[in-house]
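Protein chains: 2
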Amino acid sequence: MKIKIQPVDPAKRRPKPADESKLVFGKTFSDHMFLMDYKAEAGWQDPRVVPYQALEMDPSAMVLHYGQGIFEGLKGYRCRDGRIHLFRPQKNWERLNRSARKLCMPEIDVAFQFEALHELLKIDKDWIPHSIGSSLYIRPTMIASEPHLGVRPAHEYLYYIITGPVAAYYPEGFNPVTIYVSDEFVRTVRGGLGEAKTMANYASSLYAAEVAKKKGFTQVLWLDGVERRFVEEVGTMNIFFRIKDELVTPPLTGSILPGITRDSVIQLAAHWGIQVHERPIEIAEVVDAIRSGDMKEVFGTGTAAVISPVAEMSYKEKSYRVQKGEVGEWSQRFYDEIVGIQYGEKEDPFGWIYEVKF
Amino acid sequence: MKIKIQPVDPAKRRPKPADESKLVFGKTFSDHMFLMDYKAEAGWQDPRVVPYQALEMDPSAMVLHYGQGIFEGLKGYRCRDGRIHLFRPQKNWERLNRSARKLCMPEIDVAFQFEALHELLKIDKDWIPHSIGSSLYIRPTMIASEPHLGVRPAHEYLYYIITGPVAAYYPEGFNPVTIYVSDEFVRTVRGGLGEAKTMANYASSLYAAEVAKKKGFTQVLWLDGVERRFVEEVGTMNIFFRIKDELVTPPLTGSILPGITRDSVIQLAAHWGIQVHERPIEIAEVVDAIRSGDMKEVFGTGTAAVISPVAEMSYKEKSYRVQKGEVGEWSQRFYDEIVGIQYGEKEDPFGWIYEVKF
Chain A
1 MKIKIQPVDP AKRRPKPADE SKLVFGKTFS DHMFLMDYKA EAGWQDPRVV
51 PYQALEMDPS AMVLHYGQGI FEGLKGYRCR DGRIHLFRPQ KNWERLNRSA
101 RKLCMPEIDV AFQFEALHEL LKIDKDWIPH SIGSSLYIRP TMIASEPHLG
151 VRPAHEYLYY IITGPVAAYY PEGFNPVTIY VSDEFVRTVR GGLGEAKTMA
201 NYASSLYAAE VAKKKGFTQV LWLDGVERRF VEEVGTMNIF FRIKDELVTP
251 PLTGSILPGI TRDSVIQLAA HWGIQVHERP IEIAEVVDAI RSGDMKEVFG
301 TGTAAVISPV AEMSYKEKSY RVQKGEVGEW SQRFYDEIVG IQYGEKEDPF
351 GWIYEVKF
Chain B
1 MKIKIQPVDP AKRRPKPADE SKLVFGKTFS DHMFLMDYKA EAGWQDPRVV
51 PYQALEMDPS AMVLHYGQGI FEGLKGYRCR DGRIHLFRPQ KNWERLNRSA
101 RKLCMPEIDV AFQFEALHEL LKIDKDWIPH SIGSSLYIRP TMIASEPHLG
151 VRPAHEYLYY IITGPVAAYY PEGFNPVTIY VSDEFVRTVR GGLGEAKTMA
201 NYASSLYAAE VAKKKGFTQV LWLDGVERRF VEEVGTMNIF FRIKDELVTP
251 PLTGSILPGI TRDSVIQLAA HWGIQVHERP IEIAEVVDAI RSGDMKEVFG
301 TGTAAVISPV AEMSYKEKSY RVQKGEVGEW SQRFYDEIVG IQYGEKEDPF
351 GWIYEVKF
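Chains as they are written, first to last, in the working numbering: chain A, 1 to 358; chain B, 1 to 358.
Calculated from the structure, these hints are not laboratory results.
It is possible that some hints are incorrect.
You can't tell identical chains apart in this list, so a pair holds if it fits in one copy or across any two.
What the hints assert, rightly or not - Simulated crosslink set (DSSO-like; lysine-lysine; CA at most 27 Å straight-line):
#	residue 1	residue 2
1	Lys296	Lys75
2	Lys324	Lys215
3	Lys214	Lys2
4	Lys91	Lys12
5	Lys125	Lys215
6	Lys39	Lys213
7	Lys2	Lys346
8	Lys214	Lys91
9	Lys16	Lys244
10	Lys22	Lys39
11	Lys125	Lys357
12	Lys324	Lys12
13	Lys244	Lys12
14	Lys125	Lys316
15	Lys357	Lys91
16	Lys318	Lys22
17	Lys316	Lys213
18	Lys215	Lys2
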């Protein structure tokens, strides 16, 4: 398929951020977007890069009623020498297709996903921020666009990619989070949509996050929906525990998002000779390990923050400080290594970097 | 708030259906729609009735990423004498507000919801079908419209109502459904969003529904997400069992949609002197009762079909006919009574009817 390019009228270019360090996440968007339509009888069609603009959506568009929508999140990094990097984008394209299958949506050829993003980055390359730490956030999205009321998989879809520059997540060093363990609300459950990157999982996180916020915590730690006993995720991140000198993270049993940063941390740890255990971990074990001092570090992993150290945890109205609230050595090491690889400052022994060449 | 009215250009009126009996559900929409915006600092504002048209949505509109959206479904009925009826609309407005609270969205004053629908029905009253059984389907919807990437409750929302004529659900008498009991996939779980009428619950039903369809069944029967032992709902309906001469339906424990037809059946049954039990019911008990012949009837309840008799049920690869697949006496009686009340053909001892007067 040939991608049509319709550049923005130069007079209508969106203002570039005056100060990259002041960018608020998710509020500034680049000049262009990629769009492509799907119809059941014709497949994907009409791929195009157009000026960033409002979508025309029928008020009965199925996504607005039945939540048939999935997305991805990745970043474009500008290295000091001007090269543009993506971090394991193939993983995003593959996960988008896994999410699609779970939601009964059409898949998109991985090579074509690369091509679509390539065309978009090419026309908007000046939007990729220049300072190390800042990046271009990329949001591929697929939604059910068919105008139809009645629950079933749609026959028409829209796939689009929007991008926007974002500031460094930690401009002044780590900002550890405090987490509230929810044993009342659950994000998802085995047999549900937990492992798909789909809107439903985020919708079900809102209420508990507000409860946590009111209690003075920044994130929710989710327990499994069946027994409310095993740790699953934190906020919108995967979670890791350093117990003594081993790394523990919950296994991917269907209700947990298979995070790309999660996978990278596991690979890096193994590479460094750290014992990594993907195994069920009970919240009681977590609390015991904090109490005994065996818990050296707790951190979340995700695309936005990369590593998000946890300083404090509240469970059943009791609060626990993790390692006096200080950022752990491993958190810092994983962060430095991954960010270093992303910006081409460190070697990439895993072949994680995809260099975008225009 | 004053509702502005912008009537459609007469030349642009949408074609009215030539044959009301041929209307497909959810595909035909009336000439106008109601819209209203919400901003965190200003509350609900700018209520208006405008021609039915595409919504302009930013591609970063939060609903398209994080699924913050809720809806309602009700019908407008034209009686033989020309009166226009709604069935328990107050229940819809109240449920919309309960769903809103669960999704951290703003509520809408119940009286104003009435007023908004009233204005819309007034301008589109000719769209309400004339034949008994057909009706005007009404879809109030609230979505997070704020352009923003990042998970949190939005600060801007859009509320809208669209309507469209629909044919009688059973033009030639009941069409019993066959149901597939899913013990692999779950719709939701306690601590999740199950009791809210929100997109997430429908999204999580798609995959299992396709599995059921491939196996030759029309609907999925959902079990609880914790033990996969207790019956919850069927498809997008509540479920009732007539065991001997008692009526059993699962209780509203948080993961089940509090259906308005469900509530009406319970009230009618009590009115008729039938024992109704809102109690947990195991799938094993259901199967045993079918086997022993104690299970006289199984039926779903919902706004679209009112009563949907179940002829067959498949559980763990075994299939069970319910009462030889024949429509039960109670299913017919509940259906006739509720539909009779809706169209003003039967007395309404409960005050369920809201007459729309223009």
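| task | Run the structure past the numbered hints and jot down the numbers of the failing ones, going up. | result | 1, 3, 4, 5, 7, 8, 9, 12, 13, 14, 16, 18
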